[in-house]
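S.K.: Sequence:
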Amino acid sequence: MQDSRQPQTSKTEELKQIFLGHLPERLAAIDKSWQALDAHWDPILCARLYHQIQDLTGASGRFGLLEISQEVFSLETELGQFVDSGLRPNETELAELDQQMARLQQALSTVCARHFNLAIPSQPTDEAIYYLRHTEEIAPGLVAALEAKKCIVLTYSRADDLLAEMEKRVPQLLLIDTVHLPALKSITDAFEQLKKQQKPVPKLLFLSRAKELELRLQAMRAGAEGYFVPPYDISELADRIHTMTEPDEGPSYRVLIVEDDPAQADFASAVLRKSGIDSLIVTEPLKILEALDQYRPDLILMDLYMPDADGIELTSIIREQPQFIGTPIVFLSGEQNTEKQLDALSVGGDDFIAKPIRPRFLITTVINRIQRSRMLQQTQKPVNSRDPLTGLSTRRHFYEHLDSLLLKSDPSSAGLGVIYLELDIRRRGGGSANGQDADDLLRQIGSMVSGSIEPQDIAARYDERTIVVLAQRPHINNLNALAEQIRKQIASHRFVIGGREHRIIPNVGLCQLDDSLFTASEMLSRSANAASSARATGINQVVQFSVKEEPLDEDSSDEALFSHISHSLEENSIQLLFLPYSDTQGGNLEFHELIPRLMGSHGESIPTARINLVAQRTGLFKKIDRWLLEHALSVLDQRRQQGRPTALIIHQSMESVQDTSNLSWIREQLRLRQLVGTGIFIEFDLADLAANLKQAKSYIRSLQEMGINVILSRFIGNDTAFKVLGFLKPNCVRLSKRLVKAKQDKIDAITGQLQKRQIKIILPRIDNPSRIPKTWEQHADLVQSDFFSA
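The opening residue of the sequence shown carries number 1 in UniProt numbering; numbering runs sequentially from there.
Read the hints as simulated data drawn from the structure, not as lab findings. Heads up, some of the hints might be wrong.
Below, in silico cross-link-like pairs of lysine to aspartate or glutamate (EDC-like), each with a Cα-Cα straight-line distance of 16 angstroms or less [what the hints assert, rightly or not]: (1) LYS149 / GLU96; (2) LYS211 / GLU192; (3) LYS697 / GLU655; (4) LYS355 / GLU335; (5) LYS287 / GLU313; (6) LYS185 / GLU212; (7) LYS287 / ASP308; (8) LYS760 / ASP748; (9) LYS203 / GLU214; (10) LYS760 / ASP745; (11) LYS623 / GLU655; (12) LYS774 / ASP745; (13) LYS623 / GLU590; (14) LYS694 / GLU655.
Values in this document were obtained by computation on a predicted structure and should not be read as measured data.
With the sequences and hints as input, model every part of the structure.
M.R.: In C-alpha cells:
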C-alpha cells in the first residue's frame, strides 16, 4: 500500500527544516527586543516582544520542538502579565525574565546543535565593500541590508572614482553592476598591479540586469567569484555577499568513513588528514545513523561489502533521511563487476574508488565531490519553486521567502508589502470560466503581473484564482501605485480565449509590513482580508489593510471564522502549545498536554470556546481532531527516534466518535509510523459522550485495543458520573474545577472509588495551581506544572 502520509509528512519536514534554519535569527530578533526593553521599559516594546515570543511558542510546538516550546511558553506566560497590566516589572521580576531568556538561548543552542550543527551567530565584524552601481538602482535595499550586517559599503557611479579610492584602500570585495562592463579592463588592470605589488586582490562580484550568456562570460573571464541575476532576494543576496567578505580560512571538510576493516579505515583517514580533511571512522555499520546525526559529514566514504549491512543497504537507508539526501556517498571497493557498480549507484551512490586506495585519487575525488555538493546547496533553488502553469513562484516558495524577510530585523525590510489579487473571472454574456479556459486566463494574467513588477519583486500563484505579489518600495504610496497599476491593467484588458471574451474583476488588497507583523501567514491573512473588503464593498480600487479594523471576536460572523480556521488547517498555521505534567507515580514517560492555539489577524488569540462553537456548527471538528492527532503522532515518532519516551494528552470531540472511518484512519496512522498507541492519551468531554453512551463505549474500547489511553474530563464525582465511568471504563479522569474546593470527606470518597477502579486522576487546569488542596495533589497521578494557566 502506498504511504498516503508521505507527501504531507515530507512537506511538514521541509517546513521544519526551514524553521530550524531560521531559529538563530528568531532568537536574535527576540534578544534585540529584550535588550531594548530591559534598557527602557515601554508598553509598546513589551507588546512587540510578547508577540514575537508568542509566535515562537506556537511554531516550535507545531514542529514538536518540546525543549524550545517549554522554555518560550514559560517566558510568554511570565511576560503576558505585564502586557495585560501595563505595569513595569520590579528588579526581581526583571532578573527572572533575564534568566528565562538565558534558558531559552540554551534550549535553542541544544536544538540547533542536534539538528544542524548550527551555532548562534556572533556579532559580525566591519567589512569593506565597494559598489559600482548605475543611477537606476538594480537591487533596491541591498546597501541597507549590507550595512545592517555591519559591512562598510561605499558606492560609486563612475569607475574612475572607484579606481582612485582603490589606490588609497583596497576593499575586501568589489560589487559591480554589469552596465559598467565596458570599464572592466581598467579594473582588471588595477587588479594586476595589486598582484605585482603582492597586495591582496578584492573578490569580484557582478549584479546583472539580464541572463545573457555573453555578459556572464565576460564576468567569468575577468575572474568573477559571483554572478547574480534577477529576480533578487535582497536578504539572501546580502547574506551571500556578506559571507564572501569573510576571510578565507581554507576548506573545512568532514568525511565519515564507514569501513569494517580498521586498517583500511585508518589508512584512508591518514591520507585525508594530511590534506587537512577531518574524518570520523565507523567500523560497525549499524551505528551509521547515530554517527551521521552527531558528526554531520560533508561526504560519506563507505565500503561496499561489510557484515551485518552492506553499502547498498546503508545507502538506501541514508537517502530516506531528508537531511542527508544530498550528502555525497563514495564507495570503496575492489568490485569490478559493472552491474554491481550500477546497482550501488542506482540507490543513491555518487562514485567509486577502487581498492587498493590511491591517495591522490582519493583526495581529488573527495574534494571535488564536496565542492560540487556545496555549490549545489548554495545555488540550487527550492524544489518546485516555479508554478508550471503561470511561471510564477509557487505559494510554498513565496511563504518561505516572505517569512525569511520578516525575520530580518534590519532596514532592508522597510517598505515591504504584500499585494493580494483575488480574480473574479467571468465570461462575456454571463457565466464563469472553468477548466482549460480558466487555466489559459491565469497564464495570461501571470505574464501580465510579471511584466509589471521589478526584478527584486516576487509574484506567486497562491491558489486557483489568486496571485500574490511581494514588493519593496520606498513608501506606501509607491506600493499603492503598483497595486493600482496591476488592478487597472487586468480590469481594462480584453481577454479572449477560444474565441470568447472574458472579463476579469480583480479584488485587490494591500498589506504593508509594520511592527505588529512577525509571520508570513499574518501578513497574507491581512492582505486577503483587505481583498475581501474590496469584493464586499464592490469598489473598483485597491483596499489597504487598516490596523484600526477590529480583530476576529465573538461578534464576527461564523463564516469569517470558519474560513479562517479552514485556511489555518490547510496552511498548517495553527500554533501548538506543550503543557508539561508531572507523573507523581514516577513513570519513565515525559507527559505533555498538546493544546492548539489559533491567532487572529492582529496577533490576538481567538478564544477556544468561540472556535469550538463555530466548529460544531460548521462540521469542522473532525478536521481539527485529525489535524491535532496527526501532529501528536508525529511528535511521538520524533521523540521515539531521539530515545525520549513521551506521552501526549490531546482533546477530541464527539464528532470523531461518530465518524465511522476514524478508527481505521487512526490504525493506519499508527501502522505507517510503526507506533503503538501507549503514548497517546485522548481526552473526551464526559458530558458530550453522554448523548450516545453505547457508541462511545464501543469507540473507547477500540482505542484501548490499540493501546491508546482514554481520559474523561469534567468529572464531577457524583453517582451518575460513577455509573457512566463503570459503563465506559476509561483509563483516567480529569476532575471538574468544582471539585477543587470539595471537603476532605468528599475528596477521600471520590479518590477511594477511582483508585478501586484503577482509574488515574488528573487535576484540572486552573489559573493558580497553588489553590489546589494538598489532599488532591497527594492522590493525583498527573499534576500540571505550576507556571501554566488555564
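S.K.: Now, for every hint given, state plainly whether the structure supports it.
M.R.: Now for the hints, and whether the structure bears them out:
1. LYS149 / GLU96: Roughly 31 angstroms separates the two Cα atoms, so the pair is violated.
2. LYS211 / GLU192: 28 angstroms, violated
3. LYS697 / GLU655: Since the Cα atoms of LYS697 and GLU655 sit roughly 14 angstroms apart, the hinted pair holds (cutoff 16 angstroms).
4. LYS355 / GLU335: It holds: about 8 angstroms lies between the C-alpha atoms, which stays within 16 angstroms.
5. LYS287 / GLU313: 13 angstroms, holds
6. LYS185 / GLU212: Measuring from Cα to Cα gives roughly 20 angstroms; hence the hint is violated.
7. LYS287 / ASP308: 11 angstroms, holds
8. LYS760 / ASP748: It holds: about 15 angstroms lies between the C-alpha atoms, which stays within 16 angstroms.
9. LYS203 / GLU214: 21 angstroms, violated
10. LYS760 / ASP745: 19 angstroms, violated
11. LYS623 / GLU655: Holds - the C-alpha atoms of GLU655 and LYS623 are around 10 angstroms apart, at most 16 angstroms.
12. LYS774 / ASP745: Distance ~14 angstroms between LYS774 and ASP745 Cα, so the pair holds.
13. LYS623 / GLU590: This hinted pair is violated, its Cα atoms lying about 27 angstroms apart.
14. LYS694 / GLU655: The given pair, whose Cα atoms are some 15 angstroms apart, holds under the 16 angstroms limit.
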